[in-house]
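Sequences are here, hints too, so could you generate the full structure?
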Amino acid sequence: MDARGQAPNNSTPLLSEIYEESGEKIQNCYQCQKCSAGCPLNFAMDILPNQLFRHIQYGHRDKVLSSNTIWLCASCHTCSTRCPNQIDIAKVMDTLRAIAHRTRAESGDKNISLFHKFFLSLTKYTGRTWEPGFALYELKSGGLGGFMGWGLKAFLRGRMGLFPGFKGGAAFRNLFKEVGKGGAR
Amino acid sequence: MMEFSYFPGCSLHGTSKEFDESVRGVTAQLGIKLHELDDWTCCGATSAHSLDEQLAIEMPARNLAIAERSDRDLLVPCANCYSRFKGAEYEVKEHGRKVSFPYEGKVTIRFAMDYLCDKPVVEEVKKRIVKPLTGLKAVCYYGCLPVRPPRLTGIKNYENPTHMDGIVKTLGAEALQWSYKTDCCGASLMFTRLDIFKKLTGRILVEAAKTGADCVVAGCSMCQMNLDTRQEDIEKDLGRKIGIPVLYYTELMGLAMGHPDTGKWLKRHFIDPVPMLKAKGLVQ
Chain A
1 MDARGQAPNN STPLLSEIYE ESGEKIQNCY QCQKCSAGCP LNFAMDILPN QLFRHIQYGH
61 RDKVLSSNTI WLCASCHTCS TRCPNQIDIA KVMDTLRAIA HRTRAESGDK NISLFHKFFL
121 SLTKYTGRTW EPGFALYELK SGGLGGFMGW GLKAFLRGRM GLFPGFKGGA AFRNLFKEVG
181 KGGAR
Chain B
1 MMEFSYFPGC SLHGTSKEFD ESVRGVTAQL GIKLHELDDW TCCGATSAHS LDEQLAIEMP
61 ARNLAIAERS DRDLLVPCAN CYSRFKGAEY EVKEHGRKVS FPYEGKVTIR FAMDYLCDKP
121 VVEEVKKRIV KPLTGLKAVC YYGCLPVRPP RLTGIKNYEN PTHMDGIVKT LGAEALQWSY
181 KTDCCGASLM FTRLDIFKKL TGRILVEAAK TGADCVVAGC SMCQMNLDTR QEDIEKDLGR
241 KIGIPVLYYT ELMGLAMGHP DTGKWLKRHF IDPVPMLKAK GLVQ
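Residue numbers (our numbering), protein chains in the order written: chain A, 1 to 185; chain B, 1 to 284.
The hints are simulated quantities; they were obtained by calculation from the structure and are not laboratory data.
Don't take each hint at face value.
[To be verified] Straight-line distance between alpha carbons at most 25 Å, and here's what the computed DMTMM-like set of lysine to aspartate or glutamate pairs gives:
(1) 33/B <-> 71/B
(2) 93/B <-> 17/A
(3) 167/A <-> 36/B
(4) 124/A <-> 36/B
(5) 236/B <-> 138/A
Here it is, written out as structure tokens:
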């Protein structure tokens, strides 16, 4: 480290961890900001995607993992498609979410990570998405009112089944044993 | 006769029932036979790839392994399922990723929008049009995953796709130009950040209405659900009415080809398209 602080290099633990899990080379980012300019969620993010990448280069692990950016990313792939350095930015967001999830560092937006965990633990048993079950998530996160009205309208139009299907069997349910331990299994 | 294995996915069995019904309806009219996969399960959707990369590949791989029991190509109408399937295929074929199911990357995965809006099918559709959609003005909304990432979708014009516009024109309707064809509707935040989600979907609805279109044409079950079923909530936020129906391209195909169940599909919409279609003389 010199007087200007930490130098960006290829060996900060976060940078190598992301590379090992995703194969993406964040060190290639030269801050053109195309990702942030085209991001449809940029207005709601606390750190813009290009800024997040700079923080990764500097190894600012807590700042990166606690940002709401990684959870708000809607995986629309606009950034990945436009990046002049062919960094699959949307994939890096997946990797960062997975790291935050398994290190219990999901402070960026607790409801979004809660929903994903809820979705997977429900689907583990039902085999297929069972939308009425989302009411339980809404109950937990405090937004039930809107969901019930919407769900009733969908039900009346034949767009929501009442009962889960219970598909997939044991081999399917076994997949979920390791959720959160990450890509290295 | 063309035959496909068919993966409807969770949303086509639930919130996008009319997409499933219209895909089955128009393929039957075109002499295409669909065989629904036996005991299929969820593709993992946004949640699996958000938390666990291996799970996000295993969940599609289970379904792809079932599809590989036959030689047929796999037809997938839902953009989210399609994207997860193509992602799993890429990992297994290109990176030699190991999965717990006997999936070898052999089955050809075909997105319903790509197949049904492609030339050979369009030629067949032309022969069967009994009621051209003359006078109908539409904006085609593709969304994200039907076109991105192009590495997986193989779509060349991913910033300005035109294949759905092509089928709309073939059916006799007008496909208007607009700049929001591939903007994100925010589907993954629909249950968690309604505030943000409504801004994204709201902007697409407002811009669609500005073009003077009679309807939005969608090809992704998530997009259609958001633009249609949340439109009234968004109108409340905006303080004004939009009232633009959001139809699947397959519903328009069914309308033009005179499918007898079209009325049943249209009844499932939150924003009722029937008054607009009646005014144009396209339904009775």
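(request) Of all the hints given earlier, name the ones this structure violates by number, lowest first. (result) Those not satisfied: there are none.
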